[in-house]
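With these hints in hand, go ahead and build the complete structure from the sequences.
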Amino acid sequence: MKILVTGGAGFIGSAVIRHAIENRGYSVVNVDVLTYAANLDNLTSVADSPLYTFEQADIRDEAAMKRVFETHRPDAVMHLAAESHVDRSIDGPLAFIDTNIVGTAVLLNAAREYWAGLDEAGKTAFRFHHISTDEVYGTLGEDGLFTEETRYQPNSPYAASKAGSDMLVRAWGQTYGLPVVITNCSNNYGPFQFPEKLIPVVILKALSGQPIPIYGAGTNVRDWLFVNDHAEALLTVLERGRLGEIYNIGGDNEAQNIELVRTLCSILDDIRPDAAGSYDRLITYVDDRPGHDLRYAIDATKIQDELGWTPSVTLEEGLRQTVVWYLDNEAWWQAILDRGFSQDRLGLKVATQS
1 MKILVTGGAG FIGSAVIRHA IENRGYSVVN VDVLTYAANL DNLTSVADSP LYTFEQADIR
61 DEAAMKRVFE THRPDAVMHL AAESHVDRSI DGPLAFIDTN IVGTAVLLNA AREYWAGLDE
121 AGKTAFRFHH ISTDEVYGTL GEDGLFTEET RYQPNSPYAA SKAGSDMLVR AWGQTYGLPV
181 VITNCSNNYG PFQFPEKLIP VVILKALSGQ PIPIYGAGTN VRDWLFVNDH AEALLTVLER
241 GRLGEIYNIG GDNEAQNIEL VRTLCSILDD IRPDAAGSYD RLITYVDDRP GHDLRYAIDA
301 TKIQDELGWT PSVTLEEGLR QTVVWYLDNE AWWQAILDRG FSQDRLGLKV ATQS
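Note that this note's numbering has the sequence shown beginning at 1, numbered continuously upward.
Calculated directly from the structure, the hints in this document are not laboratory data. The reader is advised that the hints may include incorrect statements.
[Stated by the list, open to error] Cross-link-like lysine-lysine pairs, in silico, DSSO-like; alpha carbons within 30 Å at most:
| id | residue 1 | residue 2 |
| --- | --- | --- |
| 1 | 123 | 302 |
| 2 | 66 | 2 |
| 3 | 302 | 2 |
| 4 | 66 | 123 |
| 5 | 123 | 2 |
| 6 | 197 | 302 |
Here it is as structure tokens:
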């Protein structure tokens with residue numbers, strides 16, 4: 001199988017590519033425009049493989065997308081390219097609308113035209129897999145779980161843009177017959193995550209002795225999914241998921257943000273103790289994010305029952321593996337910091353767009 005992966009130089013996309021090549025033996029075409037969060041170093045282990053091809057292209061560029069499809073003739077698309085940081089979406093929402101909604105529409109149209117020109121066997125085998133987020137469902141109270149039937153109630157510009165892209169994918173399936181499938185996942189973590197997200201922020205702030213920021217009271221709850229487990233789930237859905245369906249993918253690992261941060265500090269205390277004392281001394285409470293959803297939690301029964309996928313690691317195991325990876329790969333994250341990325345807080349000002 002040849003898969004066209006958009007956003008393949010990003011955190012989840014690169015995990016999917018590594019997994020597809022190393023564990024499945026698939027050919028992969030990585031289409032990425034290389035924004036600030038993209039990093040081709042994430043793909044060093046497969047970069048020289050004859051199964052890997054890289055195309056630097058923008059999913060919003062209609063001509064480029066048509067050329068990519070006609071040149072590489074993929075059997076399937078895994079669409080992961082997106083602006084994804086909630087705080088950035090608060091400061092600059094229109095960039096999220098442009099990439100996540102307009103870009104998805106352009107990609108869908110190019111995929112539809114390509115698919116329409118395939119022979120019957122090619123049309124039957126083709127898949128367009130859209131990778132989305134549980135944030136489209138909004139927020140939960142103290143009880144309950146998101147299911148595939150949960151009503152969409154996005155609360156941030158990022159979540160709204162992903163909800164819009166989900167609806168476009170559904171429409172292209174219903175209107176044009178494009179063979180589509182959608183997955184909505186919980187919070188990912190693991191190796192190669194760009195250091196603007198919570199877990200790498202905590203690790204790198206702790207290692208540098210800087211304050212570790214906790215939004216609000218730290219009681220917001222997330223369901224955490226190890227990125228390698230997610231990559232396996234996504235390929236499983238691509239291979240065996242029912243067309244036109246949505247599959248929710250969760251780690252079955254709920255934790256309050258403050259609990260998660262204290263766990264990370266404890267792991268660091270164990271692996272790399274600091275003479276100044278426990279890393280949890282650095283925990284600092286800061287103003288909450290505007291519109292911060294209280295709780296996300298996924299009911300992954302459907303993918304477990306239909307496709308046999310379950311997460312392979314506990315949160316404690318995954319966090320320890322992640323901390324060890326960041327400790328062992330300082331050159332990877334130091335190169336990002338050296339390019340001028342400061343890990344400064346975003347998303348506190350009134351949204352503007354020039």
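Hints and how they fare:
1. 123 <-> 302: 26 Å, holds
2. 66 <-> 2: 17 Å, holds
3. 302 <-> 2: 27 Å, holds
4. 66 <-> 123: Between residue 66 and residue 123 the Cα gap is close to 17 Å, so the pair holds against 30 Å.
5. 123 <-> 2: 14 Å, holds
6. 197 <-> 302: 28 Å, holds
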